[in-house]
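Heads up, this note's numbering is the position in the sequence shown plus 2, with the first residue counted as 1.
Read the hints as simulated data drawn from the structure, not as lab findings. What you are looking at is a predicted structure, and each value in this text was computed from that prediction instead of being measured. It is possible that some hints are incorrect.
Unchecked claim - Ranges of calculated distance between the beta carbons of each label pair, as one might list FRET restraints:
1) 294 / 191: 33 to 39 Å
2) 113 / 193: 40 to 46 Å
3) 212 / 275: 26 to 32 Å
Stated by the list, open to error - Straight-line alpha carbon distances no greater than 27 Å define the calculated BS3-like cross-link-like pairs of lysine-lysine that follow:
4) 261 / 213
5) 234 / 213
6) 270 / 196
7) 213 / 300
8) 112 / 151
9) 112 / 141
10) 310 / 300
11) 456 / 439
12) 404 / 437
13) 151 / 141
14) 322 / 412
15) 367 / 196
16) 404 / 430
17) 261 / 297
18) 300 / 261
19) 437 / 412
20) 381 / 412
21) 137 / 151
22) 412 / 383
23) 297 / 213
24) 400 / 381
25) 430 / 400
By construction, the Cβ of each residue, glycine as well, lies at the ideal position given by its N, Cα and C atoms.
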Amino acid sequence: MKNDTKAEALKLRQKAEEELAQKFSASEHLNSNPDMHQLIHELQVHQIELEMQNEELTRAKDESEVSRRRFTDLYDFAPSGYFTLTADGDIVQLNLCASQMVGKERSLLKNSRLGFFISEDTRSYFNNFLHNIFKYENKEFCEVEFVSKDADPIFVQLIGTLSENRELCLVSAINITERKLAEMAVIENERFLKETQMIGRLGSFSIDIEKGTWIGSEVLYLILGLNVHCDKTLAVWISIVHPDWRQLLRDYFYESAAKQSRFDMEYKIIRQDDLEERWIHAIGHIELADHAIPKNIKGTLVDITEQKLVEEAIRISEEKYRMLLELASDAFFHGNENGDFILVNSHAVELTGFSREELLTMNMKDLFSEDTLRNQPLKYKQLREGEPAVTEREVLCKDGRKIIVDMNSKMMPDGTFQSFFRDITERKRIENALKQKLHEMEIYYELAVTRERKMITLKSEINMLLGRLGEEPKY
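Based on the sequences and whatever the hints tell you, model everything.
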């Protein structure tokens, strides 16, 4: 260090002497007194040295001022916040970005305690952060939330270290609000996904065929009756599949892999905890490696046992319904919203003479003549208003016969129509015959009553004639 200073002094003197030599010619330096000449020379050199040092100091001062302004601009307008804090968290200095994060004027924040502007949920993190910096003299990190009445809360990451004198803490603050909100959105989405999976009993899984292992969601373990910490090998996975379905599932898997398609299959399993048989619906995708070799399977499982039970109950109910319709003594017709037949029973075939296949291509209007439809239009409006319709109509059979039916119709909740036809042709014939006989009896009765009235009148006249003759009445 001393050698460097000495070298600098010699260099400065050399420059001063060179400058002095340029200012004065050799004759000007001549003097009768050598000592005086040497003293003057030394004074002149020293003066030049001082002038040069003054110029150097002025230039250094100017450069220092420029650097200071640059540092101030860099400090004030940096995109990150900077705080200088005491051990108690009091703000000694801060830049503009830091004041904007806190949401207050910079002049009002100095000597304030930074912890007052941190949310209660994250204040303990900040206190520990500050404590550890001064106690362990290490660089520390923490994430806090700045709250303000005039602005939305923001999340920041604090990075702190001790100053050189170990009396203050230098803290940089990075705004991580967007990242934090994204993390919170991810957490919320994961929570929502977990809840929906729980509600829908939908489990997700990923099978690594190359490694022979698998992983699954929490719901998956509930569906399969497994412990979360169970052995996650393919042997365990296959053991859960019902023995009657293992080969079918294996064949379907290889078929789907060969077609490079998604798999969608329903099969049975045996839960591992209670050995209960359950129905499973698996949907997923098979990822292939080189040479079309299955590499990975990702998909979902849902327990559809209750659905299967409902489907079976519906199937049995429909079978009973169809059986009752087949055993019904009346012809049954079920038509869509346009009246096209979608279901008929055997009595409908027997009544009309059309085959079941033929009826299922026909409309309700095809069973009646134009005159019947004109005089007795089908009562779709009445049915759509929720009122049943009961009418007598003449039906055209396939062989040209005309039969009279009692037609009872109703609209179903799904917008379709159901009608029962009861053949009343014979009943109508008997009713007509009875009406004819009754009419004939009424005529006979009228003739009999008229004859009786005439007989009564005749007897009365005879008795009157006998009375005029003085004889006793005969009647």
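How the hints compare with the structure:
1. Our hint of 33 to 39 Å for residue 294 and residue 191 holds, since their Cβ atoms are close to 35 Å apart.
2. Here the CB-CB span from residue 113 to residue 193 is close to 43 Å, well matched to the stated 40 to 46 Å.
3. Checked against the hint of 26 to 32 Å, the pair residue 212 and residue 275 passes, with Cβ atoms roughly 29 Å apart.
4. Of the pairs offered as hints, the one joining residue 261 and residue 213 holds, with about 23 Å between alpha carbons and a cut-off of 27 Å not exceeded.
5. Restraint check for residue 234 and residue 213: the C-alpha separation of about 11 Å stays at or below 27 Å, so the hint holds.
6. Using a Cα cut-off of 27 Å, the hinted pair residue 270 and residue 196 holds, with the two alpha carbons roughly 24 Å apart.
7. For the hint linking residue 213 to residue 300, the alpha-carbon distance of about 14 Å falls within 27 Å, and the restraint holds.
8. Annotation: proposed proximity of residue 112 to residue 151 holds, straight-line Cα distance about 19 Å (limit 27 Å).
9. Simply put, residue 112 and residue 141 have alpha-carbon atoms about 23 Å apart, close enough for the 27 Å limit, and the pair holds.
10. Restraint check for residue 310 and residue 300: satisfied, since their Cα atoms lie roughly 24 Å apart, inside the 27 Å limit.
11. For the suggested pair residue 456 and residue 439, the alpha carbons sit about 25 Å apart, so the restraint of at most 27 Å is met.
12. Distance restraint check for residue 404 and residue 437: the Cα-Cα separation of roughly 21 Å lies within the 27 Å cut-off, and the hinted pair is therefore satisfied.
13. Our distance criterion of 27 Å between C-alpha atoms is broken by residue 151 and residue 141, whose separation comes to about 31 Å.
14. This hinted pair checks out: residue 322 and residue 412 have alpha carbons roughly 21 Å apart, not beyond 27 Å.
15. Proximity of residue 367 to residue 196 is assessed by CA-CA distance (about 55 Å); at most 27 Å being required, the pair is judged violated.
16. Taking the CA atoms of residue 404 and residue 430, the gap is near 13 Å; set against the 27 Å cutoff, the hint holds.
17. Taking the CA atoms of residue 261 and residue 297, the gap is near 14 Å; set against the 27 Å cutoff, the hint holds.
18. At most 27 Å may separate the alpha-carbon atoms for a hinted pair to count; residue 300 and residue 261 meet this at roughly 16 Å.
19. A hinted pair counts as satisfied when its Cα atoms are at most 27 Å apart, and residue 437 with residue 412 does not qualify at roughly 32 Å.
20. For the given pair, residue 381 sits about 10 Å from residue 412 by alpha-carbon distance, which is consistent with the 27 Å threshold.
21. For the hint linking residue 137 to residue 151, the alpha-carbon distance of about 33 Å lies beyond 27 Å, and the restraint is violated.
22. At most 27 Å may separate the alpha-carbon atoms for a hinted pair to count; residue 412 and residue 383 meet this at roughly 11 Å.
23. Of the supplied pair hints, the one linking residue 297 and residue 213 holds, its CA atoms being roughly 9 Å apart against a limit of 27 Å.
24. Distance restraint check for residue 400 and residue 381: the Cα-Cα separation of roughly 24 Å lies within the 27 Å cut-off, and the hinted pair is therefore satisfied.
25. A C-alpha spacing of about 21 Å is found between residue 430 and residue 400, which places the hinted pair at or below 27 Å, so the restraint holds.
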